[in-house]
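> Here is what each chain is made of, one letter per residue.
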Amino acid sequence: MAKLRIEDLEKITDRMRKVMSLRDGAGRAKITVHMGTCGIAAGARKIMSALIRCVDESAVKDVIFSTSGCAGLCSREPMITIELVGQAPVKYVDLTEDKAKRIFTEHILNGKIVVDCALAIGSEQTL
Amino acid sequence: MKTYRTHLMLCAGTGCVSNGSYRIKAALEAEMAKHNLQEEIAVVMTGCNGFCAQGPVMTVQPDGIFYQLLTVEDIPHLVEEHLLKGRPVKRLMYTPPDAKAPVPKMSDIGFFRKQRLIALRNRGLIDPEKIEEYIARGGYRALAKALSSMSPEEIIEEVKNSQLRGRGGAGYPTGAKWQSAARHKSDVKYIICNADEGDPGAFMDRSIIEGDPHAVIEGMAIAGRAVGSSNGLVYIRAEYPIALERLIMAIGQARDYGLLGKGILGTDFDFDIDIFKGAGAFVCGESSAMRASIQGEPPEPSAKHTHATEAGLWEKPTVLNNVETLAVVPEIIWRGADWFAGIGTEKSKGTKVFSLVGKVKNTGLVEVPMGITLRDIIFDIGGGIQGDRKFKAVQTGGPSGGCIPAALLDMPVDYERLAAAGSMMGSGGMIVMDDETCMVDVARYFLDFLRDESCGKCTACREGVDVMHQIVSDICGGKGKEEHIPLLEELGQAVKDGSMCALGGTASNPVLSTLRYFRDEYEAHIRDRHCPAAVCKALITFSINPEKCKACLLCNKNCPQNAISGEKKKPQKIEQEKCVRCGVCRDVCRFEAVTVQ
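Chains as they are written, first to last, in numbering that gives the first Met the number 0: chain A, 0 to 126; chain B, 0 to 596.
Fair warning: there could be bad hints in the mix.
Keeping only pairs whose Cα atoms sit at most 25 Å apart, straight-line, the calculated BS3-like set for lysine-lysine is [said to hold, decoys possible]: (1) B:569 / B:556; (2) A:29 / B:184; (3) B:84 / A:45; (4) B:159 / B:346; (5) B:1 / A:60; (6) B:1 / A:10; (7) A:111 / A:100; (8) B:1 / A:2; (9) B:89 / A:29.
Because the hints were derived from the structure by calculation, they are not lab data. Every value quoted in this text rests on a predicted model; they were computed, and no experiment measured them.
Modelling step: build the complete structure from the supplied sequences, incorporating the hints.
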């Protein structure tokens, strides 16, 4: 193994950022894949895998994943919710792997909501 | 690095490992494979999380959901519900003693929320067996700073200004120790890390090495740079197998990366670390006895005519620092002395790690700012006394420390105040006692420990502790005499005065501090032949209250001595001459009919 120089510490830190931001639970973007029985039946697992692959292949290091149960709109599954820090969450419905990839590139990387896949902005009120 | 969506941070500290965390790991991996989740979710084994009472514990990141008391049987449900379907499992979450609903997030649990982590900054967040994770959390940047932009004098000045004091017991200023060693010219100097943790119930050093070994290595390297030493040595007990294994692994990784060895980080600084395994003698934690042990001599303390910083190991200038002290050094160098000195009380800065054990609900490892009150530690973080019994005392400082009574619960904890109360900081053991604890029996326990551990060199300690133990045992055994109390006090002082090292010098503390605060208990044992806490077997009798007894015969069947007799459907009776006071009848009785006096 190569002996480290001082500047290498920063390189390792940078390489590990993906892992560490996940542990802090603090990312710039959070993707929630709805994984109720309905979601899984409609293909949510594939959507999850596709999105993980997107993160893997891109240079972003501050995207974190979460899963949630059924969101109540079973007929429109698979669904995901994207939250960028400081912005209202956006729910996307009727997803395919291709749509998920597009959402990743346009919304997460470039900050533009993919209107034709989006159901709504914001979330339901609780209590 | 491969991307995972979730990390399962599963505790692999000694406590959780004993409770089966590696079996949990195997079950998780098998179950995740069933659901084809192994490419999405990784299990990460961390160091001790501190919440040992609830082990095995696991945090699911990035959600921050905290699970506790896991069993292999819980895993299929947990994997399917939470990891697959995104529904956290309430049943496996922690419910605080006085709450009805479980608290899902680790950050919201009182035990964790009130702590401030410096020495334990990486606990539960990294895999201690991966150096890259330590580096990613800011590891070795303090060493880089010390090597690239600070002179050795500046490093020492920074540590002096932080007012860091030794965390191993005596609280000697670390910066002053380093400065003294730096001043003495020598071709060879030693930096020794004291990991010979020996107090009953103390496990902070073990946890730090298990959970974050690189923090100690980095601290030692910085110390080496400051005093001009290239030779590090960790003196660690052989009965800490996990700590030893991870430390050896960490030293190997640091060497591979050039963080130990010659020309560290491309500079001209050389430093390497050896390990010396101790056999677990308590006295070896004392500096001169440790030196003798490393040199292959009998581990006996010797008179300190010169400081170890001038002529220590092999007569070379030597710095001996405790594990926790060394683990906070990188943070002081990185964040600066003012930051550290801004935490704590006037003369005790920073934080202290305590192992909180005994009759407290949340036993475990806690790190708190100096100056926090005992009440905060025991009731807010510790969750109060088991079974909601009455708090009686807390024993701090290990065998050489003392017992602090309930009246002093609001006392802020720092070096000076603990000493003024007749106890000491020591390495940070805290044994909580309730009203079912007999203070004379506690003194007897610690004297028994010290009697075994005295090296025997000084007569006062060797004979004095033994005689004190005999007297206290007599008091517990119902053979106490009026003159025993003044004799104990005189003897205690003599042992203090006549012993060379700190073990003997503090060996009478368990007796003297319990005499100071709980003299009435000694008097009750001696005058009334009565043990108020109903612990000392020679002084108690078990009896069955006929009004409460429902004649279920459970005690009758369970008594190992067949000492309980009575007809069916009639109250039972204990034959005192057969009874050995084991307490089984009281434990099995469902109607609280068995009383002890």
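> Are the hints correct? Go through all of them and say.
Hints and how they fare:
no.: 1; hint: B:569 / B:556; verdict: 15 Å, holds
no.: 2; hint: A:29 / B:184; verdict: 57 Å, violated
no.: 3; hint: B:84 / A:45; verdict: 14 Å, holds
no.: 4; hint: B:159 / B:346; verdict: 13 Å, holds
no.: 5; hint: B:1 / A:60; verdict: 11 Å, holds
no.: 6; hint: B:1 / A:10; verdict: 17 Å, holds
no.: 7; hint: A:111 / A:100; verdict: 13 Å, holds
no.: 8; hint: B:1 / A:2; verdict: 24 Å, holds
no.: 9; hint: B:89 / A:29; verdict: 23 Å, holds
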